[in-house]
Every structure is written in C-alpha cells, then in structure tokens.
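**Q** Given chain S's structure and the hints, the job is docking chain P onto it.
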Amino acid sequence: MLKSVLLAVVTLAIAIGGGAASVWWMLERGLPARGWVPHANPAAANANPYVRAQLSRSGALTLGRAEGLSFIAKTDSTGEPFSANCDYLLEGPLPTARFWTLWAADPALNPLPARGPRPSALHSQQTLRSADGGMRVAASPRPQPGNWLLVGAPGPFTLVLTLYDTPAAGFQGAAPPALPDIVRTGCGA
Amino acid sequence: MRRLPYAILLGILGAGIVHVAVLLLLPLLSQRDAWTRFSAAAEPFAVTRIDAAAPDGPVIPALDPFFMVSACRFDLSQGPLVVSAQGQAPFWSASVIGANGAHLFSFNDQAREEAALSFIVLTPAQMAGREVVAPPEGADGPVETPAIFAEVGVDQGMVVVRAFAPDDSFRADASVFLDSLNCAPEPE
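In the order they appear, the protein sequences are chains S and P. The opening residue of the first sequence carries number 1 in our numbering; numbering runs sequentially from there. The opening residue of the second sequence carries number 190 in our numbering; numbering runs sequentially from there.
It is possible that part of the hints are untrue.
To be verified - Covered stretches of chain P (in silico footprint by chain S; criterion: 3 or more residues with CB under 8 Å from a CB of chain S, positions within the stretch not fixed): (1) 197-206; (2) 215-222; (3) 244-251; (4) 261-270; (5) 348-362.
As the list claims (entries may be wrong) - To give an idea of the chain P side of the interface with chain S (calculated C-beta under 10 Å), a few residues: (6) Arg-192; (7) Leu-193; (8) Val-209; (9) Thr-225; (10) Arg-226; (11) Ala-241; (12) Phe-256; (13) Ser-282; (14) Ile-286; (15) Gln-299; (16) Ala-300.
In case anyone wonders, no lab produced these hints; they're calculated from the structure. Ideal Cβ positions, reconstructed from N, Cα and C, are used throughout, including at glycine.
Bound conformation, chain S alone (with noise of 0.2 Å):
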C-alpha cells in the first residue's frame, strides 16, 4: 500500500515537475534562432505557441499591420551571440517602408542607456542612404565610419529593427523578407 502511494508520488512529482521545468527552461532559454527573428502578432492563428507564452511573459505588445513590424537579434547571422566588446555591420535590403528605426537594448528589450547625447539607437531619416536602398550600419561601442549605431552596455545585447508603415507587415508566416545581414566584423580590446 504505502508502496503503491509513494509510487504514485514520484509518477506525479516527475510529470509536474518536469513538465513545468521544461517549459520555464524553453522560455528562459529562448528559441534556437539566428539573425533576425520577426516579432509579430502573438493571436495569429498560426503563431508558434513558444512564441506566444514569451510574449504573454515579456509583457511586450507588438505592432499592427497598419503600423509596422518588427524584429530582434539576439545573434549574428551565424549565429553566434552579439558581445558587448565586438563590431557588427548590418548590411542589405531592406523592404519599402516609410522609415525605420535600429535600436540597440538589453536583453529584457529595454533600451540601452545613451552615452552622453548619444543614443543607441537610429532611425532611416537620419542616417546616410545606401544608393541601393538598402542598410549599411556598423553597431559597435567605437566610433565607426559611415552610419554608426553605439552599443556601449557591457555584457550581451539585443538589437531591435522595426520598419514602420510597410506592405511586408502582412506577411503571415510566410517567408519572412530579405534583411540585412550581421556580420562580426572584428573584437576590440
């Protein structure tokens, strides 16, 4: 009998406790991803139910059709987590849209402190055009040449593209557009 009663107490204790763990530590974890990863609408009927637990989690809203779309990247486009300490340059196309913007924040997604007057963070009406319409941005705690995005917070970051009024923010799990690439451009002291 008391057998039985502490069986049935290890079969419960692992069914509830594992399963609980195992979703805290897929959240915790986040999902394996590389590059830019879409930040849409968590109701979409299609939406990944990971996706959607982070979000009810992170307490973040995303943004309507009308409005825009977003993405993060915790990585570079191999995959490789963003340091504080290393050069980035976000090279590409970009899809039409009114403007954008390029901020750097912390891994929670609040944005990173400004440096003085300097903001980490960008937007399209202020930063030289690429002739083909694309983005050519170099995020980096040293000044860069060119379009300069400072990410000056010690330890790991995240960066947020969002593009505002744009026809691709109807896209529904199809094949998300084409972004630019984030290549490790080197690691200073």
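**A** Frame of chain S, contents of chain P only:
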C-alpha cells in the same frame, strides 16, 4: 520495486502532457502580459502614457525609443468608443488590441487626408444599428467627413496610439498630439 521504471516512464509521459498544457495556458493566465500590466496602471477610458516618460517608468517594455506612446482601455458594453487626437506628429499610428493580445484593427496617419486622428470602435451589433449617411450633394458649409469605424468582435480591449519623435526637437509636437488624445464612450 519492479514497478519503479514503469512509474518513471508514466511520469515522463505525464511531463509531456503538463508541458503542453502549461504552454497553452500561459498566455491566458499570465499576470505579466501587456493587458494585465496596462489594466493595473490605468482606469477604463483614462488616457495614459505607457512609454519611458510614464510617471512610474514604462508600463509596457520593448517600446521603440523614438516613439511616444499613449493608450486607453475600453469596455464596449457601455457603448461605442470615440477616439480622437489632433496635432503635428511626423508619423502616428493607432491600434486596437483585444484583451487577449490580438490586433483587431490598426491604421496610420495616411489613412485620411487630414492630420487629425478620429475613429470609432464598436461591436458588429452596434454597427448594425447605425446608418451610415452620405452627405447630401450640394450641401452648404463644410462637409463632415464620415468617421472611420473599427468593428471589433470583443467587448474589452485597449487602444494604443504611437507618435514618432525623430529627435528631441519633435518631442514637444508628439507630446501635444498625445496629450490631445481623448477616449470616451460615445454620448447617447
């Protein structure tokens, strides 16, 4: 003790079921989602800043630092909601979001010729009882432009209005735009 491996196997199977159940229930039960956070910060129909300029810090995380954002929540069981704002933001957008986080309706400053934001949120039943009247031809005086109607299938939700401030010199204009934002049930 031959039954121990069986109990462990059953436990792992149960863990899979619990995993799926927790995952699917999280969005419904979360106390940290945007709707719960905003409901705690603002009374219904009260227009509240939710970006970093809010009195107690940002209500909603991960908002674009180039944007100033205000929101109000509504309950359509008290009648249709009228939302309006006037001003000179270089770009603004508005979105209606249900209590479950679903985007129901959104538009931006290019939806209309005039710069002002003005729309009505209502349920299909409230819309059905409403006759959309075209202005009579040759009418004197300024022709009243018909409103934008956002028909939504829920009673409770929030309206989020974002105003773009490309640099600090635009913040005053964007702020005036958001300060003029008004959310109120339609007068009978």
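**Q** Under 10 Å, Cβ to Cβ, is where Phe-256 of chain P needs to be relative to chain S, so tell me if that hint holds or is violated.
**A** Status holds, d = 8 Å.
**Q** Given a cut of 10 Å on the nearest C-beta pair, is the interface hint for Gln-299 of chain P held or broken against chain S?
**A** holds, 7 Å
**Q** Tell me whether the statement that chain S covers the region 348-362 of chain P is true, taking a Cβ distance below 8 Å and needing three residues at minimum.
**A** holds (count 5)
**Q** Has the region 261-270 of chain P got at least three residues whose CB is nearer than 8 Å to a CB belonging to chain S?
**A** violated (count 0)
**Q** Has the region 244-251 of chain P got at least three residues whose CB is nearer than 8 Å to a CB belonging to chain S?
**A** holds (count 4)
**Q** Taking 10 Å as the limit, does the beta-carbon of Ser-282 of chain P come near enough to a beta-carbon in chain S?
**A** At about 4 Å, which falls below the 10 Å cut-off, the nearest Cβ of chain S leaves the hint on Ser-282 of chain P intact, so it holds.
**Q** Do three or more residues from the region 197-206 of chain P put their C-beta atoms closer than 8 Å to C-beta atoms of chain S?
**A** holds (count 9)
**Q** If you take the shortest Cβ to Cβ gap from Val-209 of chain P to chain S, is it below 10 Å?
**A** holds, 8 Å
**Q** Should the interface hint for Ile-286 of chain P be scored as holding, given a Cβ-Cβ cut-off of 10 Å against chain S?
**A** Result: holds, 7 Å to nearest chain S Cβ.
**Q** The hint names Arg-192 of chain P as touching chain S; please verify it with the least Cβ-Cβ distance against 10 Å.
**A** holds, 6 Å
**Q** The hint names Arg-226 of chain P as touching chain S; please verify it with the least Cβ-Cβ distance against 10 Å.
**A** holds, 5 Å
**Q** Holds or violated: the region 215-222 of chain P covered by chain S, criterion of 3 or more residues with Cβ-Cβ distance under 8 Å?
**A** holds (count 5)
Going down the numbered hints, you'll see the structure goes against just number 4.
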